[in-house]
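Chains A and B, in that order, give the protein sequences.
Counting in UniProt numbering, the first sequence runs from 1 upward without gaps.
Counting in UniProt numbering, the second sequence runs from 1 upward without gaps.
Since the hints were made in silico from the structure, they are not lab data.
For each residue, glycine too, the CB sits at the ideal point set by N, CA and C.
Possibly wrong hints are sitting among the right ones.
Mimicking DSS-like on lysine-lysine, the simulated pairs with C-alpha atoms at most 27 Å apart in a straight line are [claimed, not checked]:
| hint | chain 1 | residue 1 | chain 2 | residue 2 |
| --- | --- | --- | --- | --- |
| 1 | B | K161 | B | K134 |
| 2 | A | K45 | B | K134 |
| 3 | A | K45 | B | K144 |
| 4 | B | K211 | B | K134 |
| 5 | B | K211 | B | K186 |
| 6 | A | K122 | B | K186 |
| 7 | B | K186 | B | K161 |
| 8 | B | K134 | B | K186 |
| 9 | B | K134 | B | K153 |
| 10 | B | K161 | B | K130 |
| 11 | B | K70 | A | K45 |
| 12 | B | K130 | B | K186 |
| 13 | B | K130 | A | K45 |
| 14 | B | K186 | B | K153 |
| 15 | B | K70 | B | K186 |
| 16 | B | K153 | B | K106 |
| 17 | A | K45 | B | K106 |
| 18 | B | K130 | B | K211 |
| 19 | B | K106 | B | K211 |
| 20 | B | K130 | B | K144 |
| 21 | B | K153 | A | K45 |
| 22 | B | K134 | A | K120 |
| 23 | B | K106 | B | K144 |
| 24 | B | K153 | B | K70 |
A few chain A residues that face chain B, going by a derived Cβ cut-off under 7 Å, partial list only [stated by the list, open to error]:
| hint | residue |
| --- | --- |
| 25 | T4 |
| 26 | F5 |
| 27 | H8 |
| 28 | P10 |
| 29 | R87 |
| 30 | A90 |
| 31 | Q109 |
| 32 | I113 |
| 33 | T116 |
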Amino acid sequence: MHETFDNHRPIYLQIIEAIKRRAVRGDFGPGDPLPSVREMARNMKVNPNTMARAYMELEREGFTLTQRGTGSFITKDATRIEDERERFIAMAVDRFLDEIGMLGLEEPQIEAILETLIAKIKDPTTQTREESCHD
Amino acid sequence: MIETRSLGKCYGKRQILEDVTLSIPTGSFCLVLGQNGSGKSTLLRLLAGVTEPTSGAVFLDRRPMTVATKQTVAWCPDVDPFAPEMTIDELLAFLAPFFPGWREEKCQSLLSLLGLERERSIAELSEGEKARLKLVIVFARPSKLVLLDDPFKGIDRESRKIILDTLFDEFPGEGQTLVVSTHLIKEIEHLADEVILLGGGRLLLHEQAEKIRSERGLSLTELYDEMI
């Protein structure tokens, strides 16, 4: 998948976020192997040196493990991915609240807007989600 | 690693490059930026060993440049070096023997990738096609150091994109160092490991691109606008 990068922020940090987001989304599960640095660099269209740095940092954080000769793997610790999910959600909510706050809305109004939005989203999707569980 | 020590170059009384000391680690993608006349082409020519410095020296892997080391350097000038009466095929047949280890398969795959047919004559190629042909010649050679002088000069948008994609695909990230001088910062800046900024023949800045982003919060385009 093609990623777009913000040239004002270190690219390796944005790669780390992108890989974590892919894990949160389920593209990579706990213990899954990651593509090689070269392959991932091609995939994201970034410099392989920058990708190597991102891989090193992910390993330092304990989000991945690198085994000599076999490559890098996502941590087997599912709570690490869960933590990242919560962090991404919190960030998204913060962004939403920031933006909507700029419109000068009060809390009850925001609540009402959210309720309407959720109702809209829920209506068509609840059904399909339940169906997919039976697979 | 390629290093320069107090590198200087004069043409007659005109000082083109003055006191440039820098070192570019092996395997990095290095951008050389600066206005016209800032000394970019001269720096690349000196790194390639096609021009002798007036002062200072160039070292490749800690050794002074010799005929043998020059064979591991692929330099691509910003001017059009081709004889118009030749076909692409004739040109390649003429050039290949000059470069030890010329990779014919690589050459063929690049020609097809870049949409160049061997039987076409140089005279009928557009600027963009000539720029692509230069890349074929540069990357068909096995080399430790690739120096591209303004590979995007005077070419259309489509060729620009093709060239950028080729640079990205051909850059191995290890073993081979790629030095590119350009005015086209925005399109290429996310690929750079290192940035060299020249102004009036002097080295204004040599820094890791990620450090510029993390410490200054600037894109390379903004850094350039701020410093030039």
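Verification of the hints:
| no. | hint | result |
| --- | --- | --- |
| 1 | B:K161 - B:K134 | 15 Å, holds |
| 2 | A:K45 - B:K134 | 23 Å, holds |
| 3 | A:K45 - B:K144 | 22 Å, holds |
| 4 | B:K211 - B:K134 | 32 Å, violated |
| 5 | B:K211 - B:K186 | 17 Å, holds |
| 6 | A:K122 - B:K186 | 42 Å, violated |
| 7 | B:K186 - B:K161 | 12 Å, holds |
| 8 | B:K134 - B:K186 | 22 Å, holds |
| 9 | B:K134 - B:K153 | 12 Å, holds |
| 10 | B:K161 - B:K130 | 14 Å, holds |
| 11 | B:K70 - A:K45 | 31 Å, violated |
| 12 | B:K130 - B:K186 | 23 Å, holds |
| 13 | B:K130 - A:K45 | 25 Å, holds |
| 14 | B:K186 - B:K153 | 15 Å, holds |
| 15 | B:K70 - B:K186 | 31 Å, violated |
| 16 | B:K153 - B:K106 | 24 Å, holds |
| 17 | A:K45 - B:K106 | 21 Å, holds |
| 18 | B:K130 - B:K211 | 35 Å, violated |
| 19 | B:K106 - B:K211 | 35 Å, violated |
| 20 | B:K130 - B:K144 | 24 Å, holds |
| 21 | B:K153 - A:K45 | 23 Å, holds |
| 22 | B:K134 - A:K120 | 57 Å, violated |
| 23 | B:K106 - B:K144 | 16 Å, holds |
| 24 | B:K153 - B:K70 | 25 Å, holds |
| 25 | T4 | 9 Å, violated |
| 26 | F5 | 5 Å, holds |
| 27 | H8 | 5 Å, holds |
| 28 | P10 | 5 Å, holds |
| 29 | R87 | 20 Å, violated |
| 30 | A90 | 23 Å, violated |
| 31 | Q109 | 35 Å, violated |
| 32 | I113 | 33 Å, violated |
| 33 | T116 | 38 Å, violated |
When the structure is compared with the earlier hints, violations turn up for hints 4, 6, 11, 15, 18, 19, 22, 25, 29, 30, 31, 32, 33 and for no others.
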